[in-house]
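Visitor: Model the full assembly from the supplied sequences, consistent with the hints where possible.
As you go down the protein sequences, you meet chains A and B in turn.
By our numbering, the letter at position 224 of the first sequence is numbered 224, and the numbering carries on one by one without gaps.
By our numbering, the letter at position 229 of the second sequence is numbered 229, and the numbering carries on one by one without gaps.
The set of hints was computed from the structure by calculation and includes no laboratory data.
These numbers come from a predicted model, not from an experiment.
There could be a bad hint or two in this list.
Now the stretches of chain A that chain B is said to cover, found in silico as 3 or more residues with beta-carbon under 8 Å [as the list claims (entries may be wrong)]: (1) 4 to 11; (2) 75 to 84; (3) 97 to 109; (4) 315 to 325; (5) 328 to 340.
Backbone N, C-alpha and C define an ideal beta-carbon position, used for all residues, glycine too.
Number of protein chains: 2
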Amino acid sequence: MIEETPVPLVDLDRLDRNLDRMAAYARGHNLHLRPHTKTHKSPRIAAEQMARGAVGLTCATLLEAEVMAEVSHDLLLAYPPVGDSKLQRLMALPESAEITVALDSAAVIEKLVDAARQHGRRVGVLVELDVGMRRIGLPGLEEAVRLARLVAAHPPLVYRGIAFYPGHIRQHISGQAAELERLSRAVQAAVESFDQAGVRPEIVSGGSTPTIWNTHEIGGVTEIRPGTYAYNDRITAQLGACDWNDCALTILATVVSTAVPGQAVIDAGSKALGREPAENQGDGYGALLDRPEVVVRRLSEEHGVLDLADTSWRPAVGDQVRVVPNHVCIAVHLHEMVYGIRGDRLEAAWPVKARGRRPLAASLGV
Amino acid sequence: MIEETPVPLVDLDRLDRNLDRMAAYARGHNLHLRPHTKTHKSPRIAAEQMARGAVGLTCATLLEAEVMAEVSHDLLLAYPPVGDSKLQRLMALPESAEITVALDSAAVIEKLVDAARQHGRRVGVLVELDVGMRRIGLPGLEEAVRLARLVAAHPPLVYRGIAFYPGHIRQHISGQAAELERLSRAVQAAVESFDQAGVRPEIVSGGSTPTIWNTHEIGGVTEIRPGTYAYNDRITAQLGACDWNDCALTILATVVSTAVPGQAVIDAGSKALGREPAENQGDGYGALLDRPEVVVRRLSEEHGVLDLADTSWRPAVGDQVRVVPNHVCIAVHLHEMVYGIRGDRLEAAWPVKARGRRPLAASLGV
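Guide: Next up, the structure:
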């Protein structure tokens, strides 16, 4: 059907089912759903998410926000906008868009106040807490409350609440359920501290893919920002957060060499799949949709080596295979387009429109 | 100077020096230099390589070949073209381009003969040998000789020689010098076998970055295909195949959070740097050009975590840093453009023109 590989295929029936399931989960637990668009970077899919009741969209980059403003008037930039250029792009988003920013420093607040005043633009703010991931966010509540008050005192900024990302919690690992309970208590304690300090969070935005179906158990959470669920991937399946047949995106690849015994080389390497480790260490970089026991064991830039140790299947040069990547957000970012299929029929070709960054050349006058 | 990050910067003085050094090495040892364009994917840099005496260019993808045909009439596709679409694109390369293909199967030869006859086009062939890397290439000489004869018997294919890639040899590791000697004897033996079978290789194309400056010691080699040397990177420096101050490409990034003690978060994550392991296991994903002791310890999609354990330096939100990526070929592939600087002056903006693949939409009529 499709001659030229490597190319990302989206099973549209699975995509629909994945979008429906998350919308139903959020609705069923009275959680606002604000899908993270980093996974698909596609306004087409974002529009499907909005149509299923999402309250708005989450973006990590300015380009994502610019593209997603086409389909939603309520955008969360879940990333501190640092530097004049990013602030100018934020302010230049369509007037119709309500913007909220997640941040964790007074330095960002000061610059954001200046930009918002200059443009006379309301900007909502979530104060980012670190709940153990040790990436971004304030580990201490005192400092976090101080930032919330700083925001509240500086219109046209609007203090809206708190955000956190418990990406370190692996719910399927025994003993980690206790960690989810600890997190729940910590979030509740944070909400109380903010409340007592006069900065009650209207929005408590949190959750992560490994724990996504249990987010309603985290006391006080009002909003979830899942991204991966639209496509799912091998890691999500390994985490138990989706079934293998919920994986909607695969990389179609072609066998190009069987010269070395015990393996087959495909034309999808690290530049098509991404070199993302599996949830289980050393377990390759992807697996075949129809033969999950066949793992992409090694990667070069344009070569993926299929390990045939656990299968009697012996492919020939020219055979096509569909690889479920370990981490779909990274795989999608490596391609200009994704192609939608229903059964054997090619139905759609969607640009990965929010991929990358805006070239600087024009603004730099080179 | 440059506001918006993450963005790849190329130190043009270092680039010039790197290109000069390799050209001098090849000239000094009577080796033909056919640079691999996968690293920069830029016709502008390929033209500089040609101007310094390269005999032609190496490409891995059809898009690379299409773009590089602008600047060279002698192209090696070092990758088996499998499938009608790729064969058609190969045949559609400008008439002026002399094309050579590296392959390792009779299946590819058969299809290639058909396409070449249909288009009345001469296509050179190198038979790919596996010399221990276990990726692509024939492990056995008998089968390799058989393929060479098959090619020689099927004009307009032209048997031109053999290719190999000893990417598994790490010259700096003690005891591996012996492995280079073993490789040299194996290549010499291969050349003799081919010669005795009446298919003497006119071209013996080989070498890899870790052993690049010793390729002349591998008996019989006539041609080298280095790629990384144009930019170099942290792995190449760790291998001892370049100095730290030969690293010409860095990712300019901005500190966006210092909320968690002992670290600083920058806006270059796996979508800007690539998640490529260092030569020394567990040694992060890149390091600062001016402070190589500061390592990018962890990556999320848009976050890089700088480990401040080995430095007294404490950056502030808004500070800019330049990161030398572990594997530059992967980092470049994540960006639309690279920007050339000389000292503090921005001099050039070059598209990464051969990045990715040609969108299928047009040909599929979606």
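Visitor: Look at each hint and say if it fits the structure.
Guide: Here's how the hints hold up against the structure:
1. 4 to 11: holds (count 4)
2. 75 to 84: holds (count 5)
3. 97 to 109: Holds: 4 residues of the segment 97 to 109 of chain A have a Cβ under 8 Å from chain B.
4. 315 to 325: With 3 residues closer than 8 Å to chain B, the segment 315 to 325 of chain A meets the three-residue bar; holds.
5. 328 to 340: Since three or more residues must qualify, the claim that chain B covers the segment 328 to 340 of chain A holds, with 8 doing so at under 8 Å.
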